[in-house]
Amino acid sequence: MAGSASLTITGLHAGYGAVRVLEDVGLTVAPGETVALLGTNGNGKSTLMHCVMGLVRPSQGSIRATLDGQEIDLIGHSPEEIVELGIVLVPEGRRLFPLLSVEENLLLGAWRAAARPKRLANLEFCYDCFPRLKERRRQATGTMSGGEQQMVALARAIMAEPRLLLVDEPSVGLAPLLVARTMDKIAELQRRLGLTVLMAEQNFPQAVRIADRGYVLVHGRIEYAAASAAELNENQLVRNLYFGS
Amino acid sequence: MDPELALLVNAIISGLLLGSLYAAAAAGLAISFGMLDIVNIAHPALVVLGAFAVVVVSGGLGLDPLLSAVLLAPGFWLLGAGIYTAYHHFFERRGDQALHGLAFFFGVMFIIEVGLVMVFGADQRYVDPSYASITYYFGDIDLPLRMLVPGASALATIGALALYLRTTFTGRAIAAVAQDPEALRLLAIDPVRIKRFAFGISVALAGLAGGALVVVQPIDPWSGHVFIGRVFAIVIMGGMASLSGCVLAALAFGVAENVTAAFYGPSWSPAVAFGALLLVLAFRPQGLFGRAA
Numbered sequence: 001m002a003g004s005a006s007l008t009i010t011g012l013h014a015g016y017g018a019v020r021v022l023e024d025v026g027l028t029v030a031p032g033e034t035v036a037l038l039g040t041n042g043n044g045k046s047t048l049m050h051c052v053m054g055l056v057r058p059s060q061g062s063i064r065a066t067l068d069g070q071e072i073d074l075i076g077h078s079p080e081e082i083v084e085l086g087i088v089l090v091p092e093g094r095r096l097f098p099l100l101s102v103e104e105n106l107l108l109g110a111w112r113a114a115a116r117p118k119r120l121a122n123l124e125f126c127y128d129c130f131p132r133l134k135e136r137r138r139q140a141t142g143t144m145s146g147g148e149q150q151m152v153a154l155a156r157a158i159m160a161e162p163r164l165l166l167v168d169e170p171s172v173g174l175a176p177l178l179v180a181r182t183m184d185k186i187a188e189l190q191r192r193l194g195l196t197v198l199m200a201e202q203n204f205p206q207a208v209r210i211a212d213r214g215y216v217l218v219h220g221r222i223e224y225a226a227a228s229a230a231e232l233n234e235n236q237l238v239r240n241l242y243f244g245s
Numbered sequence: 001m002d003p004e005l006a007l008l009v010n011a012i013i014s015g016l017l018l019g020s021l022y023a024a025a026a027a028g029l030a031i032s033f034g035m036l037d038i039v040n041i042a043h044p045a046l047v048v049l050g051a052f053a054v055v056v057v058s059g060g061l062g063l064d065p066l067l068s069a070v071l072l073a074p075g076f077w078l079l080g081a082g083i084y085t086a087y088h089h090f091f092e093r094r095g096d097q098a099l100h101g102l103a104f105f106f107g108v109m110f111i112i113e114v115g116l117v118m119v120f121g122a123d124q125r126y127v128d129p130s131y132a133s134i135t136y137y138f139g140d141i142d143l144p145l146r147m148l149v150p151g152a153s154a155l156a157t158i159g160a161l162a163l164y165l166r167t168t169f170t171g172r173a174i175a176a177v178a179q180d181p182e183a184l185r186l187l188a189i190d191p192v193r194i195k196r197f198a199f200g201i202s203v204a205l206a207g208l209a210g211g212a213l214v215v216v217q218p219i220d221p222w223s224g225h226v227f228i229g230r231v232f233a234i235v236i237m238g239g240m241a242s243l244s245g246c247v248l249a250a251l252a253f254g255v256a257e258n259v260t261a262a263f264y265g266p267s268w269s270p271a272v273a274f275g276a277l278l279l280v281l282a283f284r285p286q287g288l289f290g291r292a293a
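Chains as they are written, first to last, in full-length UniProt numbering: chain G, 1 to 245; chain S, 1 to 293.
No lab work stands behind these hints: they were computed from the structure. No residue lacks a Cβ here, since even glycine has one placed at the ideal position from N, Cα and C. All the pointers check out, no bait thrown in.
Ranges between beta-carbon positions, derived for each pair:
hint, chain 1, residue 1, chain 2, residue 2, range
1, G, Ala187, S, Thr170, 32 to 40 Å
2, G, Leu120, S, Tyr126, 50 to 58 Å
3, G, Thr143, S, Ile134, 44 to 52 Å
4, G, Leu237, S, Glu182, 27 to 35 Å
5, S, Pro181, G, Ala187, 28 to 36 Å
6, G, Arg191, S, Ala156, 48 to 56 Å
7, S, Glu182, G, Ala121, 25 to 33 Å
8, G, Ser78, S, Tyr264, 58 to 66 Å
9, S, Leu7, G, Thr143, 44 to 52 Å
10, G, Arg192, S, Thr170, 24 to 32 Å
11, G, Ser78, S, Thr135, 53 to 61 Å
Partial chain G-side listing against chain S, Cβ under 8 Å, derived:
hint, residue
12, Met53
13, Glu80
14, Val83
15, Glu84
16, Arg95
17, Phe97
18, Pro98
19, Leu99
20, Leu100
21, Glu104
22, Leu108
23, Gly109
24, Trp111
25, Arg112
Input sequences plus hints: build the corresponding full structure.
This is how it looks when you write it as structure tokens:
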């Protein structure tokens, strides 16, 4: 599943009608890296994710992915085409199919042409990673707890054999202990599958725990780019935003 | 056998046969209304259109009516895909589907009915398959092939479809598409394509049900009207998106109607059947087989 995947965004502007959400955003995610996109609510993290996935059309700028040495301009492609390339988003709020069972949700993840033939092996892998899901595979996901649903959402994305995994606010609606576990799982998946990960998150301490590097997005602009997790921890802007000191 | 008991057993058996016919008429709606959230009020009219097409094809080519219905199914699939494309383009895409979409399907219904009257006139039509006059007798129990063959074919078709929906990628996508179309896109699945394909299946099922219907009883362009209330009630009672629930509800409807008709007169049967629907909804609002979210 590995293979190298990277993402380069430059000069990205995007918005909804007259509302400008992203202004001149640039960031890179190198192969095998876990990069955190930090920011509080309403600063444009989800919009950026949606731009990469083709759900929002940017007004300016470029989004380029390099997959196994081949560079592809993502702008103008439909979400379906972008997923087919191996770029997969775990959306904010999980977006499961609540009436379908765990296993039905997971198998839908394997729709992608490259993932279909490997669906049984990948299902095994997911159940190995999330034993709870194996116990509950016949249960409708709408009746599960938030933490379990987040596991299904992550596993469903893994079923698509991602090369570049985007995770949008995995901590939303979860108790602190479950946030920590979810982060550990993302780190475990990254390690075991050799993924390249871009994660939008407002839970700064938890995100920094598993990230190699990070960007801080404020009012649609990258206000700070940190070359390491340690740098993020020490940055004054971050301290002001998150710790009020 | 005690005559009363024989009457009851016969009423139950013929109720089950009638119920399988209801299942045939409702199965397509369980897909369009139950799974895709498309209130296709024209579904019974499409069943009747199927019945007329079967009359023409089986009469013209001298084919068995049910075989003719199978041969016509791809044409009905195309018709369904076309109807969905128009519905999507003019209403669903703009978020106008709730009221305008309903009006659209009313329009489709009237166009079909008026079209049938213009082409075929208002007279009743029927087919005469080779087995129409054969009835098996087991003691006091009658099994007319005119009911048994279409009923059994309908149940077999629905069973095959249920298997398809449960075991294939497309089947699972059909079950998911109304719940969150955008989430499907994020899995590389085009929701519009899925809905078009599924709506085609639902209309193909209407065509097949038409073949079954015209074997059982003569039809005229308005025969669909008596089914509108029933098929929607059956889909709701069966739990919307469940084909097995739809079949079970249809059989229950058929038995309730027939037993009531046998003992208390036919005028009571709709009251009892729809009363059963109210009871089911009171105690299991998600329907008999509905999945609680």
